[in-house]
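> Given the structure of chain L, go ahead and fit chain A onto it with the hints provided.
If you read the protein sequences in the order shown, they are chains L and A. Numbering of the first sequence is given in my numbering, commencing with residue 1 and proceeding in unit increments. Numbering of the second sequence is given in my numbering, commencing with residue 1 and proceeding in unit increments.
Watch out, some of these pointers could steer you wrong.
Which copy? The list can't say, so a pair holds if one copy fits it or any two copies do.
[To be verified] Below, in silico cross-link-like pairs of lysine to aspartate or glutamate (EDC-like), each with a Cα-Cα straight-line distance of 16 angstroms or less:
{"#": "1", "residue 1": "K31", "residue 2": "D261"}
{"#": "2", "residue 1": "K31", "residue 2": "E17"}
{"#": "3", "residue 1": "K392", "residue 2": "D48"}
{"#": "4", "residue 1": "K385", "residue 2": "E57"}
{"#": "5", "residue 1": "K233", "residue 2": "D324"}
{"#": "6", "residue 1": "K214", "residue 2": "D139"}
{"#": "7", "residue 1": "K385", "residue 2": "D58"}
{"#": "8", "residue 1": "K259", "residue 2": "E226"}
{"#": "9", "residue 1": "K214", "residue 2": "D261"}
{"#": "10", "residue 1": "K489", "residue 2": "D54"}
{"#": "11", "residue 1": "K489", "residue 2": "E182"}
{"#": "12", "residue 1": "K185", "residue 2": "D173"}
{"#": "13", "residue 1": "K214", "residue 2": "E140"}
{"#": "14", "residue 1": "K488", "residue 2": "D433"}
{"#": "15", "residue 1": "K289", "residue 2": "D452"}
{"#": "16", "residue 1": "K72", "residue 2": "D168"}
{"#": "17", "residue 1": "K31", "residue 2": "D12"}
{"#": "18", "residue 1": "K163", "residue 2": "E268"}
{"#": "19", "residue 1": "K355", "residue 2": "D326"}
{"#": "20", "residue 1": "K185", "residue 2": "D166"}
{"#": "21", "residue 1": "K227", "residue 2": "D435"}
{"#": "22", "residue 1": "K163", "residue 2": "D324"}
{"#": "23", "residue 1": "K495", "residue 2": "E409"}
{"#": "24", "residue 1": "K31", "residue 2": "E13"}
{"#": "25", "residue 1": "K355", "residue 2": "D48"}
It should be emphasised that the hints constitute simulated quantities derived from the structure, not laboratory data. Computed from a predicted model, the values in this text were never measured in an experiment.
Number of protein chains: 2
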Amino acid sequence: MTPSDWDSRPEDEAFREIGYAFVDLMAEYMKGLEGRRVYGPVSPAGLDSLFNEDLPEDSQGWDQLIDECRSKIFPNSMAIGSRRYFGMMNPAPLPIAIFADALCSAMNQNAASWRHAPAATAVEKRVVRWFCDLFGLGDESFGTLVPGGSFANITGLKLALNKSLDRDIGTWDESNSPHFAEMAKLRIYVSDQAHYSFRKAVDILGLCHGQLNKLPVDHLYRIDVEKLENAIKEDIANGLKPCCIVGIAGTTNTGSIDKLDLLADLSEKYNCWYHVDAAYGGAVMLSDKYRHMLDGIQRADSITVDPHKWFYTPFEAGGILVKDGDFLRKGFLVRPEYYMEKSEADERSFHHGDKVNFFQYGISGSRRFNALKLWMTMKMVGRNKYAEWIEKDIELARVLAGLLQQTDEFELTGPNTLGICTFRWVPDSSLSDEDIDQLNRDLQTVVEREGDAWFSHTTLQGQVTLRVNVENRHMERSDILRLLNVLKKTARKLKG
Amino acid sequence: MTPSDWDSRPEDEAFREIGYAFVDLMAEYMKGLEGRRVYGPVSPAGLDSLFNEDLPEDSQGWDQLIDECRSKIFPNSMAIGSRRYFGMMNPAPLPIAIFADALCSAMNQNAASWRHAPAATAVEKRVVRWFCDLFGLGDESFGTLVPGGSFANITGLKLALNKSLDRDIGTWDESNSPHFAEMAKLRIYVSDQAHYSFRKAVDILGLCHGQLNKLPVDHLYRIDVEKLENAIKEDIANGLKPCCIVGIAGTTNTGSIDKLDLLADLSEKYNCWYHVDAAYGGAVMLSDKYRHMLDGIQRADSITVDPHKWFYTPFEAGGILVKDGDFLRKGFLVRPEYYMEKSEADERSFHHGDKVNFFQYGISGSRRFNALKLWMTMKMVGRNKYAEWIEKDIELARVLAGLLQQTDEFELTGPNTLGICTFRWVPDSSLSDEDIDQLNRDLQTVVEREGDAWFSHTTLQGQVTLRVNVENRHMERSDILRLLNVLKKTARKLKG
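Next comes chain L alone, as it looks inside the complex (with noise of 0.2 angstroms):
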């Protein structure tokens, strides 16, 4: 057996071969990651050379494939899954995961209707139903996997906007109607800690992005709710219409979460949609320690999650959670002829019955088996221990927290809600910002070239912050001390 036999049939064998091997270049990939630079010596425009080659004309083995993973690829690569990563919510994933994302693209089920897929559209409505069980969310919830956080925001706003205009995609037929007038009134609100998908769509929803109100935060960087209402009423009385309200549980840049009970109040007494991006604070709904921190989230009209952050699986596994699931079909409701529904039948097709068709909840059209790696993961875990993981990272970060208001010279910028932990450097209190600013990202910049250890630094009211964030199962309080060591070190040498 050589690499070239990998399309012989009966298949498997070869695929066998090749499958193993692939496993072992995971594992020594896996293995590798506490021993070497968190992030590699990167030029992109030495990585651009690297990869210059035009589409080859003849096959490879896949022996050729391994080596360049091993020479180019995984060398300038971040080290997603090392205890000294402190990135960007980018778990360290969970092999189960990564064996159901194999398994899902080796059975290749088209995951958009029942019919074409059973198996899968019954597990994903399993899945989606753990997630507004989860959420509270009630009997008549429902909702639909999608790649990421930013299509589940652009879903949330889209039923949003149709509330607001008493549309759907089977109604809104009319051209020159007068909806377009309506829709120049619509206005969205959210804090000025939003992601940025929030700006996007708008954009791609037709809004303009002045009806995307951007409201300032207090002190924990939560919604400022006072200066929103007064927001609505402002609009109210310029003849504006208050569309919708989002609130954020686990913001970005630092976790914050905002009051959702507060805003679910303004958003029955304005009768606004009430929109909640929990895309990464979502997971603390499974510990019943932290669980508090989301009162009112089961209030919200729409939620959106994301997987592929705090719940531990890897990209892309996003989803978006509807109270009136019903509502979240009349949305996308389309009936080409060659997916076979009968007329009859689909009228028993709401996601009570039995014959769910996805494609008819989303944007999406051919779509993945991927809830097959979140029932996996989920069943595999169970809520105990996911509780346990994120209780953990909570108080890691905590502890990093302690520590440095233990310093003299680094002071913490944020309020430490979730598994994040954001501070600054100050050696020296008589520097100005500007120069405080530039420090920090010097330091950030050389612990990344250093590579002893990776984590980010964002802007909060204005001056740079650095930023750690804990997702990984395995680590403990000995990484938090190896880092606090690198940031001292690094101080030092900067200031030397």
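Then chain A, alone, in the frame of chain L:
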């Protein structure tokens, strides 16, 4: 080592154990495809019960999950990859792509920005370049991978709107601007064979359905170019604004290809954005023999590709290619502070430069290193082998057409342009159209239920027609003969 050790450290031993077990499971599944029914004895309601369990509290072993795959998932799934599956453009996936999907998940790179995923970004740039070169889009072209054709079509239409309205995400700032009145005037043209994603797209982008003008087709199911031009002239006379002409390179129903060169002429003449949906047919560009079928596609402003169709990669893998790559970027250019871009650097980050952030080229935010499976698959297969497979798929569809023509009771209903053969069973020409429709539905249902093959039915010219799609590199003439026997045997039984 027991399955309960699944998350021990160091990971490599447990990781290899679960990995090998899943490779064996996939091999077992794939080897079993030919010996089983193509489609299980499905009752969706029964399936719901089968998977009815709450989110488990405690961890389960992965050996139990493997059992559940065997007992619950496999028997209730469509046998994609079987040589008796003649379905919906879902290829028998290539092993290399299956394991590339696992490796992608093991590395879990966030291919949103080059800084977080240098190699992933370089590889995606390379793959996008291959596609742009394949379609002859020129040096200024660029694009991005997307989850599938629906997202690509939305992106193409969004760019068309931006062009017509002279807007991009950076300038679309004013609310209550006159652009809503302008939006109401826009018109998009496509044939009535268009994929349902266009209906979704206009709805999502804020337009009304009446603004999507679906035009009649000729006898080969290609858009009627004369009627198209008349419609455009009429709209202009009515004060409306032609915005976008969509050409289809491979319709879902029949694989028909619009006259792409003539549509390019019209797009130029009427200053329309020219989008080509090549989700299915784009792959013929790989074949010297059939490339001419898409003449004119190089003149498109944007092209939808969908490698999870005829490039033999598993779900999900789509892409959008844009002649003016810079215009694509302007359409999605957001700059969140936590991605740490310096503005100077950003000026160099155009796709010809070294620093590309793919989240600035499309709807997606965080995104998986999906380019890995395309890069590996395309390198391993090579253009010549791809061409061979595609040419054989087309030939086999024509073999079936030829055999059906020799029968008394089957009539061809489509052009057999690509790997699709559409036909209608007409056992007795004195029957009413409705009766013949029902007989064709029955024939499909019986074959599906008995599990000897799987194909779909659709509607052409108001009549139910059967649809066979060949997309399996292992399929041979004998598989077509077997299918013909299934058709004849089932027809006899129904006449019985």
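> Run every hint past the structure and note whether it holds.
Results of checking the hints against the structure:
no., hint, verdict
1, K31 <-> D261, "neither (45 angstroms within a copy, 54 angstroms between copies)"
2, K31 <-> E17, "between (21 angstroms within a copy, 14 angstroms between copies)"
3, K392 <-> D48, "neither (40 angstroms within a copy, 35 angstroms between copies)"
4, K385 <-> E57, "between (49 angstroms within a copy, 8 angstroms between copies)"
5, K233 <-> D324, "neither (27 angstroms within a copy, 43 angstroms between copies)"
6, K214 <-> D139, "neither (33 angstroms within a copy, 39 angstroms between copies)"
7, K385 <-> D58, "between (48 angstroms within a copy, 7 angstroms between copies)"
8, K259 <-> E226, "within (12 angstroms within a copy, 59 angstroms between copies)"
9, K214 <-> D261, "neither (19 angstroms within a copy, 46 angstroms between copies)"
10, K489 <-> D54, "neither (45 angstroms within a copy, 49 angstroms between copies)"
11, K489 <-> E182, "neither (58 angstroms within a copy, 59 angstroms between copies)"
12, K185 <-> D173, "between (20 angstroms within a copy, 14 angstroms between copies)"
13, K214 <-> E140, "neither (31 angstroms within a copy, 35 angstroms between copies)"
14, K488 <-> D433, "neither (20 angstroms within a copy, 82 angstroms between copies)"
15, K289 <-> D452, "neither (33 angstroms within a copy, 54 angstroms between copies)"
16, K72 <-> D168, "neither (49 angstroms within a copy, 36 angstroms between copies)"
17, K31 <-> D12, "between (28 angstroms within a copy, 6 angstroms between copies)"
18, K163 <-> E268, "within (14 angstroms within a copy, 39 angstroms between copies)"
19, K355 <-> D326, "within (14 angstroms within a copy, 43 angstroms between copies)"
20, K185 <-> D166, "within (14 angstroms within a copy, 21 angstroms between copies)"
21, K227 <-> D435, "neither (33 angstroms within a copy, 66 angstroms between copies)"
22, K163 <-> D324, "within (11 angstroms within a copy, 36 angstroms between copies)"
23, K495 <-> E409, "within (11 angstroms within a copy, 88 angstroms between copies)"
24, K31 <-> E13, "between (27 angstroms within a copy, 10 angstroms between copies)"
25, K355 <-> D48, "between (48 angstroms within a copy, 10 angstroms between copies)"
Of the hints listed earlier, those the structure fails to meet are numbers 1, 3, 5, 6, 9, 10, 11, 13, 14, 15, 16 and 21, in rising order.
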